[in-house]
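*Asks:* As a plain string of letters, each chain reads:
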Amino acid sequence: MHKFLIRSFVSSLVLLFTLTVAAVAKDVKAAFVYIGPTGDHGWTYQHDVGRKAVEAAGFKTTYVEGVPESADAERVLRQLANSGHDVIFTTSFGYMNPTNKVAKEFPNVKFEHATGYKREHPNVATYAARFYEGRTILGTIAGTMTKSNVIGYVASFPIPEVIRGINSFTLAAQKVNPNIKTKIVWAFTWYDPGKEAEAAKALIDQGADVIAQHTDSTAIVQMAEKAGVYAFGQASDMDKFAPKAVLTSVENNWGPYYVDRVKAVANGTWSQKDTWHGIGDGMVVISDLDSQMPADLRSKVKKLQADLASGKVHSFTGPIYDQKGNLMVAEGKTADDGMLAGMMTYVKGVEGDIPK
Amino acid sequence: MIKIVKRDQPSKAIFFFTPVLAIFLTLVAGGLIFFILGFKPFEALKFFFIIPIADKYGFSELLLKATPLCLIAIGLSFCFKSNNWNIGAEGQLTFGAIVSGGVALLFYEQEGFYILPIVILAGAIGGMLYASIPAILKTYFNTNEILVSLMLVYVSKLILDYLVVGPWSNPEGFNFPETRQFSDSAKLPLLFEGLRIHAGIFLALAAVVISWFVFYKTYLGFQMKVSGFSLKTAKYAGYKGKKMIILVFLISGACAGLAGVGEITGPIGQLHREISPDYGFTAIIVAFLGRLHPVGIIFASLVVAITYLGAETAQIFMQIPKYTGQVFQGMILFFLLASDYLLFFKIKFIGSKK
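Here the protein sequences come in this chain order: A and B. The first sequence begins at 1 in the working numbering and counts up one residue at a time. The second sequence begins at 1 in the working numbering and counts up one residue at a time.
Calculated directly from the structure, the hints in this document are not laboratory data. Misleading hints may appear alongside valid ones.
When the alpha-carbon atoms are kept at most 27 Å apart in a straight line, the in silico BS3-like pairs for lysine-lysine are as follows [to be verified]:
{"hint": "1", "chain 1": "A", "residue 1": "195", "chain 2": "B", "residue 2": "157"}
{"hint": "2", "chain 1": "A", "residue 1": "356", "chain 2": "A", "residue 2": "181"}
{"hint": "3", "chain 1": "A", "residue 1": "183", "chain 2": "A", "residue 2": "300"}
{"hint": "4", "chain 1": "A", "residue 1": "333", "chain 2": "A", "residue 2": "147"}
{"hint": "5", "chain 1": "A", "residue 1": "118", "chain 2": "A", "residue 2": "302"}
{"hint": "6", "chain 1": "A", "residue 1": "60", "chain 2": "B", "residue 2": "235"}
{"hint": "7", "chain 1": "A", "residue 1": "183", "chain 2": "A", "residue 2": "356"}
{"hint": "8", "chain 1": "A", "residue 1": "324", "chain 2": "A", "residue 2": "183"}
{"hint": "9", "chain 1": "B", "residue 1": "56", "chain 2": "B", "residue 2": "46"}
{"hint": "10", "chain 1": "A", "residue 1": "300", "chain 2": "A", "residue 2": "324"}
{"hint": "11", "chain 1": "A", "residue 1": "29", "chain 2": "A", "residue 2": "175"}
{"hint": "12", "chain 1": "B", "residue 1": "243", "chain 2": "B", "residue 2": "6"}
{"hint": "13", "chain 1": "A", "residue 1": "104", "chain 2": "A", "residue 2": "201"}
{"hint": "14", "chain 1": "A", "residue 1": "356", "chain 2": "B", "residue 2": "157"}
{"hint": "15", "chain 1": "A", "residue 1": "348", "chain 2": "A", "residue 2": "175"}
{"hint": "16", "chain 1": "A", "residue 1": "333", "chain 2": "A", "residue 2": "302"}
{"hint": "17", "chain 1": "A", "residue 1": "104", "chain 2": "B", "residue 2": "12"}
{"hint": "18", "chain 1": "A", "residue 1": "60", "chain 2": "B", "residue 2": "40"}
{"hint": "19", "chain 1": "B", "residue 1": "232", "chain 2": "A", "residue 2": "201"}
{"hint": "20", "chain 1": "B", "residue 1": "243", "chain 2": "B", "residue 2": "232"}
{"hint": "21", "chain 1": "A", "residue 1": "183", "chain 2": "A", "residue 2": "201"}
{"hint": "22", "chain 1": "B", "residue 1": "40", "chain 2": "B", "residue 2": "12"}
{"hint": "23", "chain 1": "A", "residue 1": "52", "chain 2": "B", "residue 2": "217"}
{"hint": "24", "chain 1": "A", "residue 1": "181", "chain 2": "A", "residue 2": "147"}
{"hint": "25", "chain 1": "B", "residue 1": "12", "chain 2": "B", "residue 2": "225"}
{"hint": "26", "chain 1": "A", "residue 1": "52", "chain 2": "A", "residue 2": "181"}
{"hint": "27", "chain 1": "B", "residue 1": "235", "chain 2": "A", "residue 2": "29"}
{"hint": "28", "chain 1": "B", "residue 1": "40", "chain 2": "A", "residue 2": "29"}
{"hint": "29", "chain 1": "B", "residue 1": "3", "chain 2": "B", "residue 2": "243"}
{"hint": "30", "chain 1": "B", "residue 1": "56", "chain 2": "A", "residue 2": "101"}
{"hint": "31", "chain 1": "A", "residue 1": "147", "chain 2": "A", "residue 2": "118"}
{"hint": "32", "chain 1": "A", "residue 1": "183", "chain 2": "B", "residue 2": "157"}
{"hint": "33", "chain 1": "B", "residue 1": "235", "chain 2": "B", "residue 2": "217"}
{"hint": "34", "chain 1": "B", "residue 1": "240", "chain 2": "A", "residue 2": "29"}
{"hint": "35", "chain 1": "A", "residue 1": "101", "chain 2": "A", "residue 2": "273"}
{"hint": "36", "chain 1": "A", "residue 1": "240", "chain 2": "A", "residue 2": "201"}
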């Protein structure tokens, strides 16, 4: 008899608990859709590090890797939404339309799309990182370390994200060294070690002694190591792939955001928003600074990092001129997010034209 | 004692039996791989081959996935039967998609019943044009069609890249590499509410029927068959070899182009850089697994399609790496080629003599 009482007491307690904090008690499951393999040591690898942080926070996660941006993406998304996942992170731009399409069919599932701009339904949020802040730091280092005053830059696609990075990098390099030139090679790929290595080689042959990259493989830093020039790691700390060449890396740190958002789903406080976090919020992380850099440069970089984090320094502070000499940002002003989001012109000092 | 004896003639029964054997061996080897990776083999195979198509939606996705594979493989069978090694169906698919996508964009925000037929036709013509390059080079300049058609795949992908990054990119799309969405009139109608399976499946079925008719009921089919066995015989018989080479390439290109149309005007609805997860290459496996026979190709396309779906399901529910799907595709082809040994040789068990 008293067993029954205890049981009913416990179950009513549980019921009460469930009623009051219904959403918290719910087992929230998060799913991640990746464009590449989790072992790419770049873009997907870092998202998977973020996923592991969500696991560590006590949530169940699922991932599907190597999902092409073809008609297949939609099926994978629908399957994840159908199999009890409460929030789905789609981590490549090409998933934008399928994400919004499937989100419409599953209003109770939250969708988080990285690097896109479409939020057609209340259950779709977007997020991206202010990588350009990291590139301000890389530019400062490159401008100081170069001897030939030619800096190479392997770019992926001529989209605002990449143009913004080139500009931010060049502006910072010019600040410490007005004579530098940034040479760009467009690889038209995010991940293709062969093409990326070729692009890096072409830049080194043109006299570049520091190579920056906006593609994801480790081929460029390895090529730089072979040629004896400096380079920067992309997405993850690539120091171990090219210990002499890599001066530092800009790391994509998605973990804190992912944990935050999954917790928000659990608490029932999730809402649609467009997140754009930088160094200050910890989404962009600068790896250890290589000891080949002079001590004063290292302390300068540390200070710059702190100032970017606090907002004291903005990557795009006027006066900024475009290639033709037209004023883009007036003296004392900073570029607003709208301008940054649509940035499709090079600043002065970048060589060549944006491919059209 | 086991003895291997050469057959006088390739066995017809074995000819159609080996694909089944290859699939069986793939399942056994696949189960073994799962076991070594630390998964329960039967459960893994269930998630790979049964769960994905266990409901109506899953089955419709299977048909959706098999449609381009079947269509391209049917086209390729025309080439392969007649000894023309068109390896560039992926390029013909891409170019067909480019031409039909370009036409679809011309009709942006326009509606009308006439739009879709023009868009489809444009895709077929695009594929034919692109396939005619290796065909003409082969017939008139004696180039190797394997190399030419394969290299043209990369050219077509670069053309697509250029177009979606540059002139055809969505003006409201922040320069991301994709075009606008096509208007509804330029899209293939869906067959059922809530499912993605579209009218493109009828194109594939029509191709199956037509190819069967051509292969087995026409003089052209006979010519193709003879050329496939021996080019010298074909020449001796007075067949116009050049014409036939161009014709089979055009048919093959049209099919691949139509497969491209099916993707972009079906589930995708726009042009971007990744319209096909290498259907053009996978269809080569499908064509051979189906023994270049129209009905065989239908089954083969379903079998190969399920390796894609199964790989996704297995990763979602069992955390099996998704790339095992490609391992399965490779194994099917490997076992098929290996078991073809049985076509020409038979294994005899001989009792030990006293």
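*Asks:* Does each hint hold? Answer for all of them.
*Replies:* Each hint, compared with the structure:
1. Under the criterion of a C-alpha separation no larger than 27 Å, the hint pairing residue 195 (chain A) with residue 157 (chain B) is consistent with the structure, at around 15 Å.
2. Note on residue 356 (chain A) and residue 181 (chain A): the hinted pairing holds, with a Cα-Cα distance of about 22 Å set against a maximum of 27 Å.
3. Taken as a hint, the residue 183 (chain A) and residue 300 (chain A) pair is honoured in the structure, with Cα atoms around 25 Å apart against an allowance of 27 Å.
4. For the proposed pair residue 333 (chain A) and residue 147 (chain A), the alpha carbon gap of about 32 Å is over 27 Å, so the pair is violated.
5. Under the criterion of a C-alpha separation no larger than 27 Å, the hint pairing residue 118 (chain A) with residue 302 (chain A) is inconsistent with the structure, at around 36 Å.
6. Of the pairs offered as hints, the one joining residue 60 (chain A) and residue 235 (chain B) is violated, with about 67 Å between alpha carbons and a cut-off of 27 Å exceeded.
7. Taking the CA atoms of residue 183 (chain A) and residue 356 (chain A), the gap is about 17 Å. The hint holds against a cut of 27 Å.
8. Under the criterion of a C-alpha separation no larger than 27 Å, the hint pairing residue 324 (chain A) with residue 183 (chain A) is consistent with the structure, at around 17 Å.
9. Taking the CA atoms of residue 56 (chain B) and residue 46 (chain B), the gap is about 17 Å. The hint holds against a cut of 27 Å.
10. At roughly 31 Å between alpha-carbon atoms, residue 300 (chain A) and residue 324 (chain A) are farther apart than 27 Å, so this suggested pair is violated.
11. For the proposed pair residue 29 (chain A) and residue 175 (chain A), the alpha carbon gap of about 47 Å is over 27 Å, so the pair is violated.
12. The straight-line distance between the Cα atoms of residue 243 (chain B) and residue 6 (chain B) is roughly 37 Å, outside the 27 Å bound, and the hint therefore fails.
13. Taking the CA atoms of residue 104 (chain A) and residue 201 (chain A), the gap is near 46 Å; set against the 27 Å cutoff, the hint is violated.
14. Under the criterion of a C-alpha separation no larger than 27 Å, the hint pairing residue 356 (chain A) with residue 157 (chain B) is consistent with the structure, at around 17 Å.
15. A hinted pair counts as satisfied when its Cα atoms are at most 27 Å apart, and residue 348 (chain A) with residue 175 (chain A) qualifies at roughly 12 Å.
16. About 24 Å separates the Cα atoms of residue 333 (chain A) and residue 302 (chain A), which keeps this hinted pair within 27 Å; it holds.
17. In summary, the hint linking residue 104 (chain A) to residue 12 (chain B) is not supported, as the alpha carbons are separated by about 53 Å, beyond the 27 Å threshold.
18. Taking the CA atoms of residue 60 (chain A) and residue 40 (chain B), the gap is about 21 Å. The hint holds against a cut of 27 Å.
19. Proposed proximity of residue 232 (chain B) and residue 201 (chain A) is contradicted: the alpha carbons are some 50 Å apart, above 27 Å.
20. The straight-line distance between the Cα atoms of residue 243 (chain B) and residue 232 (chain B) is roughly 16 Å, inside the 27 Å bound, and the hint therefore holds.
21. Pair hint residue 183 (chain A) plus residue 201 (chain A) holds up; C-alpha atoms about 12 Å apart against a cutoff of 27 Å.
22. Between residue 40 (chain B) and residue 12 (chain B) the alpha-carbon distance is near 37 Å, which puts this suggested pair outside the 27 Å criterion.
23. For the suggested pair residue 52 (chain A) and residue 217 (chain B), the alpha carbons sit about 61 Å apart, so the restraint of at most 27 Å is broken.
24. Between residue 181 (chain A) and residue 147 (chain A), the direct Cα distance comes to roughly 12 Å. Compliance with the 27 Å bound is thereby established for this hinted pair.
25. Taking the CA atoms of residue 12 (chain B) and residue 225 (chain B), the gap is about 16 Å. The hint holds against a cut of 27 Å.
26. Taking the CA atoms of residue 52 (chain A) and residue 181 (chain A), the gap is about 40 Å. The hint is violated against a cut of 27 Å.
27. A C-alpha spacing of about 66 Å is found between residue 235 (chain B) and residue 29 (chain A), which places the hinted pair above 27 Å, so the restraint is violated.
28. Proximity of residue 40 (chain B) to residue 29 (chain A) is assessed by CA-CA distance (about 24 Å); at most 27 Å being required, the pair is judged to hold.
29. Taking the CA atoms of residue 3 (chain B) and residue 243 (chain B), the gap is near 46 Å; set against the 27 Å cutoff, the hint is violated.
30. Taking the CA atoms of residue 56 (chain B) and residue 101 (chain A), the gap is near 20 Å; set against the 27 Å cutoff, the hint holds.
31. Taken as a hint, the residue 147 (chain A) and residue 118 (chain A) pair is broken in the structure, with Cα atoms around 44 Å apart against an allowance of 27 Å.
32. About 26 Å separates the Cα atoms of residue 183 (chain A) and residue 157 (chain B), which keeps this hinted pair within 27 Å; it holds.
33. With a C-alpha separation of about 21 Å, the suggested pairing of residue 235 (chain B) with residue 217 (chain B) holds against the 27 Å cut-off.
34. At most 27 Å may separate the alpha-carbon atoms for a hinted pair to count; residue 240 (chain B) and residue 29 (chain A) exceed this at roughly 64 Å.
35. Among the hinted pairs, residue 101 (chain A) with residue 273 (chain A) is consistent with the structure: their alpha-carbon atoms are about 18 Å apart, no more than 27 Å.
36. Proposed proximity of residue 240 (chain A) and residue 201 (chain A) is supported: the alpha carbons are some 20 Å apart, at most 27 Å.
Of the numbered hints listed earlier, those contradicted by the structure are 4, 5, 6, 10, 11, 12, 13, 17, 19, 22, 23, 26, 27, 29, 31 and 34.
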